[in-house]
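K.L.:
So the chains spell out like this:
There are 6 protein chains.
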Amino acid sequence: MLLSVINPNTTAAMTDQIAAAARSVAGPGTEIVGVTPTMGPASIESHYDEALAVPGLLDAIIRSQRSETPADGYLVACFGDPGLDAAREISPVPVIGIAEAAMHVASLLGRGFSVVTTLGRTIGRAEELSERYGMSKRCRGIHACEIPVLELETNPDTAAILIDACRAAAENDGSDAIVLGCAGMADLAHLISQKIGIPVIDGVAAGTLLLQSLVTMQAAPASSGELAPPPPKTYSGILAQFGE
Amino acid sequence: MLLSVINPNTTAAMTDQIAAAARSVAGPGTEIVGVTPTMGPASIESHYDEALAVPGLLDAIIRSQRSETPADGYLVACFGDPGLDAAREISPVPVIGIAEAAMHVASLLGRGFSVVTTLGRTIGRAEELSERYGMSKRCRGIHACEIPVLELETNPDTAAILIDACRAAAENDGSDAIVLGCAGMADLAHLISQKIGIPVIDGVAAGTLLLQSLVTMQAAPASSGELAPPPPKTYSGILAQFGE
Amino acid sequence: MLLSVINPNTTAAMTDQIAAAARSVAGPGTEIVGVTPTMGPASIESHYDEALAVPGLLDAIIRSQRSETPADGYLVACFGDPGLDAAREISPVPVIGIAEAAMHVASLLGRGFSVVTTLGRTIGRAEELSERYGMSKRCRGIHACEIPVLELETNPDTAAILIDACRAAAENDGSDAIVLGCAGMADLAHLISQKIGIPVIDGVAAGTLLLQSLVTMQAAPASSGELAPPPPKTYSGILAQFGE
Amino acid sequence: MLLSVINPNTTAAMTDQIAAAARSVAGPGTEIVGVTPTMGPASIESHYDEALAVPGLLDAIIRSQRSETPADGYLVACFGDPGLDAAREISPVPVIGIAEAAMHVASLLGRGFSVVTTLGRTIGRAEELSERYGMSKRCRGIHACEIPVLELETNPDTAAILIDACRAAAENDGSDAIVLGCAGMADLAHLISQKIGIPVIDGVAAGTLLLQSLVTMQAAPASSGELAPPPPKTYSGILAQFGE
Amino acid sequence: MLLSVINPNTTAAMTDQIAAAARSVAGPGTEIVGVTPTMGPASIESHYDEALAVPGLLDAIIRSQRSETPADGYLVACFGDPGLDAAREISPVPVIGIAEAAMHVASLLGRGFSVVTTLGRTIGRAEELSERYGMSKRCRGIHACEIPVLELETNPDTAAILIDACRAAAENDGSDAIVLGCAGMADLAHLISQKIGIPVIDGVAAGTLLLQSLVTMQAAPASSGELAPPPPKTYSGILAQFGE
Amino acid sequence: MLLSVINPNTTAAMTDQIAAAARSVAGPGTEIVGVTPTMGPASIESHYDEALAVPGLLDAIIRSQRSETPADGYLVACFGDPGLDAAREISPVPVIGIAEAAMHVASLLGRGFSVVTTLGRTIGRAEELSERYGMSKRCRGIHACEIPVLELETNPDTAAILIDACRAAAENDGSDAIVLGCAGMADLAHLISQKIGIPVIDGVAAGTLLLQSLVTMQAAPASSGELAPPPPKTYSGILAQFGE
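Chains as they are written, first to last, in the working numbering: chain A, 4 to 247; chain B, 4 to 247; chain C, 4 to 247; chain D, 4 to 247; chain E, 4 to 247; chain F, 4 to 247.
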């Protein structure tokens, strides 16, 4: 099967890193393609960025579906799970977000988990997703390490800061697992887990495996009801290409 | 004060109708300007439309703020309340959505209300908003009249169908008030209320009055925390204008 | 329109102060009358006081409705929102409580707010109201400044103590707004907001504006159902006047 | 021990009936005294009646406590549980409401129960109490038999109507028990249970037994915190007797 | 009436202590018999112990029912309330758990209570029960004293440690009552209550009194529906005796 | 990897069927072994059966871990998810229940799902699990087909009855997916899905794939905290083997 891992921001280096994380867990018959959108923000650190990342994400799915090798499933690799409902309307195959994936998997490992994310201003969105996914009681705390998304890769102290933040979160919240709150942290999950002694869930790995599971089960979303294809209509201005 | 009522779809006739509804309740010192975005869908009837209406909405706020007569408050006149968090980040003045406004006002009139919306496929979003605004227990039912947004104006039976749907919803749910689930229904609120004998809340009127109230109280959102202005960054492709 | 702002305690000086706060936000065509009940406690600082403030409140509404100039709406200006359901049964026009008004307005300004009230023993009631109004997730903390109601006016340190308490609440809870938990704090809202940099909502101002909005929308409560006029019956003893 | 069963309405015949129901379950060493207030409504069928029943209830507790034979516990025998928090503030011994008692007991008998009450307009209050007591998930439905309180005794069809209503509620809601929603139904609990084959809980019996249990355990409410005695103060008008 | 108090672990000395606690509150006509199972763990300190205590508990009920003097009600005297649903299926008379009993009783004494239990690893189960019984909002904290079950009796510092833990819990959580989280703490309830000044609820006493109340009310569980007797079938291996 | 699929009842033919369902979705490197316990009930259709299935389940895990080829993960293949917490305490590798797996997977496919189970008396347990897993809002209905577990295989109408029940559930609840409520229905999932046009999730397939995902991610449960290995102690009677 072919799984498309879409990085909703436009930083190609981050896409490569995410695709590598996905490949590291994918099964033998699963091919991973990393996708960088053709429009949108260089990183997602606000509701504004998140909202404006959605057109690029939808465009990437439309292009894939119209291509000769449409993917069998899409992973939205940003912890805000932007555009998930819209993506599911236009995709005939499963779409999963990494926050959704990580929270569901973490809930299978014990009674409670903590989230460690990048900037404090993203905590509200993580809280909202936790409620949306039914995780209010399981998610015992959401904590920020205050490293901006694009500095995760360049800051020499990222690993040390995250290890400390994850350990503190686990102790403070009495949690059985940690969920990493940014796709850019994917490569550190195993290291942190070894250091703090409880499972650390990276949404890219979790999402890739859940997506592969859905495709294996042939569990495509219903094509009727709330997530049926959107009624066609005219679009104007610079977004005209989304209409018809 | 100057209030900007933004119709997030690109149908100018609907903008005029919405602005008229806002003006019909605005106080003596309140000026209403209706705004149609320069990009996006002709109507909003899916998660896809809603997501792609947000860039136009944000663009409209940015233009207003950069103009010589920036508005003192923004009303987002689509019942899906698209882009509310993003809009609040970029606006130094209050922003309100019409679903938010209508549900809060309806909750002041009794123990429970029902929502009557356009297409059945929008019920899921209304449910999600109801939970987000803390209205899960107050909102006793969400019902569709199955008239598409742009037909509300042209269908000769709109009033009759809505009266029937609102009466049935009130009886079935034992509700004390009805919330109309589309900005395009604004002009029918009083008629329906007279026919069915309980209050019928139109979000455009409710939102205009709440927005006017916030401006009067000088209750601008905090400029720090989750809704602080977004960190500036590069945007690519057709969305490059949203960067800085 | 004529709005009646009822101070449910019998301290006339406090009524004057509350009416002034209401007038400071009322629109050009809105007349405010402050009302002090003819029976009940001098201040409300317990469930006992609150329960025994209700007869005076109901009496004030009955007198207003039987007068030559019945009010177009009633604001119940005590943060425990005493007697709201009973008041709505006997009033043909809207009735709003200041806790209800303040919490709904605060929820429009961000993801979470804190309440700062008078005595610690009133926290339980505020919590109960927060749940009743669907604000459990929005209301992040309720804190007491431990100044009794009637000392708010006379204590020279009231402003300083409240500024500190509001700042501490906002920081501790990560809140986007503060709700003042007593009608007697109304005149300090703007000062505190300036000092701590986030919006501070006074329920008297919020309630006056919401009430004015409901009257403008002609959104009177339904006269059938749970809030229909109470079935007439005999009342005994010192409460005999409430019967018939 | 001496338990005081207070009928919050002023109909003495109903007090007698309630006291008899209490006596029928009280233990050997438990004496029951039925109390009719000296003020208030003849029956409680609205929020207005309920609010105005509270002064008489509080007065009855104050008189008992000041008497030579103060009761060891108070049962508030109206299904709206009026004035419970206020009563607990002024009572040094346990106070229980019959709705509270009946719902807690019913929840011990299976996964869900239904309430069958008098008039439809009281359903909202029962719903509110169910949430207050943590019974939202257990309470599967609240149904009205539409017999006014004082007709329960005189209407020759009361038993038949209630049997039908309870059976229908149990079947419709899939409930394991029925809770009777009015003190005036106390004498019918066993008959209905025999007819419909599942337990039928009368709050007067349940409340008498829970109150007796609390007294036996010496579980008086804390005298500090939210339910500490109310701060003394002046009361005015016809309620002056409540001050001091 | 005859009430059977079953200690689900196999330590007979603990059974004696529990039966004594039950007898100390039972009414004049109530006989208490303490029962130690014939199989299972010496104490219950894990989910593993709890699961493996259930066969012995069920066996004890079956033996009692088949005996010449079947009990009129069963109290399950372990704070994890093991096997409650299964016990109710096979018992024609009421069955109550001590956590269930203690939490319901504590909720009648104020707005919030705290639980003080033995080992930290049992907190998750107590949390789960609190939700099951609708006590999520009432139960403000669950705290461990870290004394193993069988050391409660032998550790000379048990009383002092528990007094400190209960006082700290009450202050930290602002609670109106304490619930003791182990049947082995039953004899200390009054002492602790005297020391800390708020009610301390022991589940053995609370459960005995609730059970006696249910029997008095003749409130046996429904014999149809979810808790009807289990369909008979073959059982294999060492559990063969449970079949047929 | 080696995954052990444990059928908690003692019917070997059902174990074979379950193992086949697991094998049909397992990845190339995943070996499935089906396990029938050495003790317990022939089928699980009551809380009694479920409680008494746990010793056999725990015994199977202990035997596997002590064997030369301990499994890398355990799937508990009964929709009541019996003994999950206890199993996690004694297993150093992941343990998943099929209800848990099916509900999490179904929640990834749309806004709501329905469960179709065997006997009506199991609905309560499914409801409880749905809440435990945070699925209360997603799980829109639980319906029984009233075919006993062991007749699923032999009843010639099973497929037809289930297709009808699933279609009715989807329509009635407006659901986007169906969850099958018994391991014995595993082989019918694809057929039903084809007939009714929305995804039908079998917990055996879902659980096998989630378990395989956890093992791939090396996401073993924490060995400290609530799920740490149970403290060793003496066990008595026929359960002596569980002690040590």
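Hints in this document: simulated from the structure, not taken from any laboratory.
Note that beta-carbon positions come from the ideal geometry of N, C-alpha and C, so glycine has one too.
Among these hints, one or two may not hold up.
In silico DSS-like cross-links for lysine-lysine, where the CA-CA straight-line distance does not exceed 30 Å [as the list claims (entries may be wrong)]:
id	chain 1	residue 1	chain 2	residue 2
1	A	Lys140	E	Lys140
2	D	Lys140	F	Lys198
3	F	Lys140	A	Lys140
4	C	Lys198	C	Lys140
5	B	Lys140	A	Lys140
Covered, in the sense of this in silico footprint (three residues per stretch, anywhere, with C-beta under 8 Å from a C-beta of chain B), are these stretches of chain C [to be verified]:
id	stretch
6	50-61
7	67-81
8	174-184
K.L.:
Are the hints correct? Go through all of them and say.
P.N.:
Taking the hints in turn, this is what the structure says about them:
1. A:Lys140 with E:Lys140: holds, 12 Å
2. D:Lys140 with F:Lys198: violated, 34 Å
3. F:Lys140 with A:Lys140: holds, 14 Å
4. C:Lys198 with C:Lys140: holds, 26 Å
5. B:Lys140 with A:Lys140: Cα-Cα ~19 Å, so holds.
6. 50-61: Coverage by chain B is violated for the stretch 50-61 of chain C (0 residues, Cβ < 8 Å).
7. 67-81: violated (count 0)
8. 174-184: As far as the stretch 174-184 of chain C goes, the hint holds, because 3 residues have Cβ atoms under 8 Å from chain B.
Checked against the numbered hints given earlier, this structure breaks hints 2, 6 and 7; the rest are met.
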